Amino acid sequence: MIRVESLRKKFKKLQALDDISAVFSSGQVISLIGPNGSGKTTLIKTILGMVRADSGHIYVNAKPIDGDPGYRSKIGYMPQIGRYPDNMKVGHLFSMMKNIRTMPDAELDTDLLVRFNLVSIFDKPMRTLSGGTRQKVSAALAFYFNPDILILDEPTAGLDPLSSEILKEKILQEKKKNKLILITSHILSDLDELTTHIMYLQEGKMIFLKDINTLRRETGEDRLVKAIAGIMRTDKKNALWIDEVLAMKAGKEHP
Amino acid sequence: MLKLTRYVLYDIIRSRVVLAYAVFLLLVSLSLFNLEDNPSKAILSLLNIVLIVVPLISMIFTTIHYYNSYEFIELMLSQPLSRTRILLSEYAGVAISMITAFLIGIGIPVLIYVPDAVGATLVLTGCGLTLVFTSIAFLASVKARDKARGIGSVLLLWFYFSLIYDGLVLLILFSLSDYPMEKFTLLLAALNPVDLGRISIMLKLDVSALMGYTGALYKEFFGSNAGVLFTSAMMVLWTAVPLWTALLVFRKKDL
Chain U
1 MIRVESLRKK FKKLQALDDI SAVFSSGQVI SLIGPNGSGK TTLIKTILGM
51 VRADSGHIYV NAKPIDGDPG YRSKIGYMPQ IGRYPDNMKV GHLFSMMKNI
101 RTMPDAELDT DLLVRFNLVS IFDKPMRTLS GGTRQKVSAA LAFYFNPDIL
151 ILDEPTAGLD PLSSEILKEK ILQEKKKNKL ILITSHILSD LDELTTHIMY
201 LQEGKMIFLK DINTLRRETG EDRLVKAIAG IMRTDKKNAL WIDEVLAMKA
251 GKEHP
Chain X
1 MLKLTRYVLY DIIRSRVVLA YAVFLLLVSL SLFNLEDNPS KAILSLLNIV
51 LIVVPLISMI FTTIHYYNSY EFIELMLSQP LSRTRILLSE YAGVAISMIT
101 AFLIGIGIPV LIYVPDAVGA TLVLTGCGLT LVFTSIAFLA SVKARDKARG
151 IGSVLLLWFY FSLIYDGLVL LILFSLSDYP MEKFTLLLAA LNPVDLGRIS
201 IMLKLDVSAL MGYTGALYKE FFGSNAGVLF TSAMMVLWTA VPLWTALLVF
251 RKKDL
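If you read the protein sequences in the order shown, they are chains U and X. The numbering of the first sequence is UniProt numbering, which starts it at 1 and goes up by one. The numbering of the second sequence is UniProt numbering, which starts it at 1 and goes up by one.
Each hint should be verified, as a subset may be incorrect.
[As the list claims (entries may be wrong)] List of simulated lysine-lysine pairs, DSS-like, C-alpha gap at most 30 Å: (1) U:LYS63 <-> U:LYS74; (2) U:LYS205 <-> X:LYS147; (3) U:LYS10 <-> X:LYS147; (4) U:LYS74 <-> U:LYS175; (5) X:LYS252 <-> U:LYS13.
[Said to hold, decoys possible] Computed, partial: chain U to chain X, Cβ under 10 Å: (6) LEU48; (7) MET50; (8) SER73; (9) ILE121; (10) ILE151.
[As the list claims (entries may be wrong)] Per label pair, the in silico range of CB-to-CB distance: (11) U:GLY230 <-> X:LEU248: 48 to 56 Å; (12) X:LEU2 <-> U:HIS57: 29 to 37 Å; (13) X:TYR10 <-> U:ASN146: 46 to 54 Å; (14) X:LEU255 <-> U:GLU5: 40 to 48 Å; (15) X:PHE184 <-> U:PRO64: 45 to 53 Å; (16) X:PHE24 <-> U:SER26: 51 to 59 Å; (17) U:GLU221 <-> X:LEU248: 47 to 55 Å; (18) U:SER120 <-> X:ALA240: 28 to 36 Å.
Keep in mind that the hints were calculated from the coordinates and are not lab data. Predicted model only: the values in this text are computed from it and were never measured. Here a beta-carbon is modelled for each residue, glycine too, at the ideal position from N, C-alpha and C.
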């Protein structure tokens, strides 16, 4: 469904994306992982057309993305930091998006809207919402139009455990509908039960893109964190990062 | 297109700045018409206000609006809408609201007190200047990364068009006073929309008799039908070229 061909992007001196090529198809849940500044968000924004690549091509459903912006009607996007017009009320935001995407009410997916209980805050302006509530709005908007492709940038960051669980359940449901889901997250344990493929980025380069079973077989580890740790240890620079992740996790589990 | 413009307009009206602008212009024009016995004297004072205030407010308001609606633009970019459409809708929203404010504040009083060709020219010039400077401000804001730089460059542009340019023209005319410069001054006037507006109204006011030989030449050129056509064409160019450049920059921009 999405084909990326030798994508490159440079921000001044920083090589944000360095020759990335990949194919994502429906039914897959791709986890984009890597340290901060490894190019995950840039890759996502390039697929959405918000960042213009220096070279390379992206095809969504076999059509190049730089022509018709209509391909974005197939995509639901949940940004890392959802920024919305300050004065707009939550209910107005949803009705505006509905108006722009022109989708009949019957086809809308209001599941998250109901489960996050967002209807009760429909008359609150966006600027009064807390960070977590904003994330809920972003999530509900991403799923609202029942898109074939879901792009979720750090979906569970800032959500309380209950809401985070609701969102994960929702992602699992959508996965069963044979949709393509792209997720970035630093919380590897969240991805464990969702993901089918891991794409590992570092300094703009794609280190690997593997399906989770191959990864488990190759490393002999069942847990995602340990499987990735096993791969990363072979490389010194990566080993440092993954050791930090493990140390932090250990610290959390045994305070 | 109109769908998006509606939301832009809604946002602008809620902020009430445009309302304050309309009330300010209305107060100024009503007090001028009531203080002066001779309406054409009032028109002359009003002319100076139009030439100074309209460009300044149009540019500052446009720039602030652009940076304030950055979130809205970002949100729209992840939707199936082309960048051209998004920017043009923003432009249409700002231009419509500024022109409406101008028509309420200056247009209606002028057409009541001076319902002749002079009044009509003043109103048309004001509308033209609003369109021109809104478009220039869009170019400046799209090019500048942050708000401070955007507003700074817009203020510089305003200084240039309202004060510095006239100084430069005088300097050129004085240092080249030995040569026949009449035709050349026509060209110089066309390169500044504020001067174009000033000349076209001054000629209607018949004060051109005070301007000597050059005034006679201006009257012959700008007073003719060809001159009116030329002035309008220059105003259209001054609107279209910056807006077109802004679109080109915006289409390539990373957001």
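A quick look at each hint next to the structure:
A threshold of 30 Å between alpha carbons decides the hint, and for LYS63 of chain U with LYS74 of chain U the separation of about 12 Å falls inside it, so the pair holds. For the hint linking LYS205 of chain U to LYS147 of chain X, the alpha-carbon distance of about 33 Å lies beyond 30 Å, and the restraint is violated. As the CA atoms of LYS10 of chain U and LYS147 of chain X are separated by approximately 24 Å, the hinted pair is consistent with the 30 Å bound. Straight-line distance between C-alpha atoms of LYS74 of chain U and LYS175 of chain U comes to about 15 Å, which keeps the hinted pair within the 30 Å bound.
In summary, the hint linking LYS252 of chain X to LYS13 of chain U is supported, as the alpha carbons are separated by about 19 Å, within the 30 Å threshold. A distance limit of 10 Å between C-beta atoms decides the matter here; for LEU48 of chain U the minimum to chain X is near 5 Å, and the interface restraint holds. Hint status for MET50 of chain U relative to chain X: holds, with the closest Cβ pair at about 5 Å, below 10 Å. Taken as an interface hint, SER73 of chain U checks out: its beta carbon lies about 4 Å from the nearest beta carbon of chain X, inside 10 Å.
Interface hint at ILE121 of chain U: violated, since its Cβ lies 18 Å from the closest Cβ of chain X, which is beyond the 10 Å cut-off. Because the beta carbon of ILE151 of chain U sits about 9 Å from the nearest beta carbon in chain X, less than 10 Å, this interface hint is met. Checked against the hint of 48 to 56 Å, the C-beta distance between GLY230 of chain U and LEU248 of chain X comes to roughly 50 Å, which is consistent with it. Here the CB-CB span from LEU2 of chain X to HIS57 of chain U is close to 33 Å, well matched to the stated 29 to 37 Å.
Between TYR10 of chain X and ASN146 of chain U, the C-beta spacing of about 27 Å breaks the proposed range 46 to 54 Å. The hinted window of 40 to 48 Å between LEU255 of chain X and GLU5 of chain U is violated, with their beta carbons roughly 23 Å apart. With their beta carbons about 50 Å apart, PHE184 of chain X and PRO64 of chain U fall inside the hinted range of 45 to 53 Å. A hinted range of 51 to 59 Å holds for the C-beta pair PHE24 of chain X and SER26 of chain U, which are about 58 Å apart.
Taking 47 to 55 Å as the suggested C-beta distance range, the pair GLU221 of chain U and LEU248 of chain X conforms, at roughly 52 Å. For SER120 of chain U and ALA240 of chain X, the Cβ-Cβ distance of about 48 Å falls outside the hinted range of 28 to 36 Å, so the restraint is violated.
Going down the numbered hints, you'll see the structure goes against 2, 9, 13, 14, 18, while the others check out.
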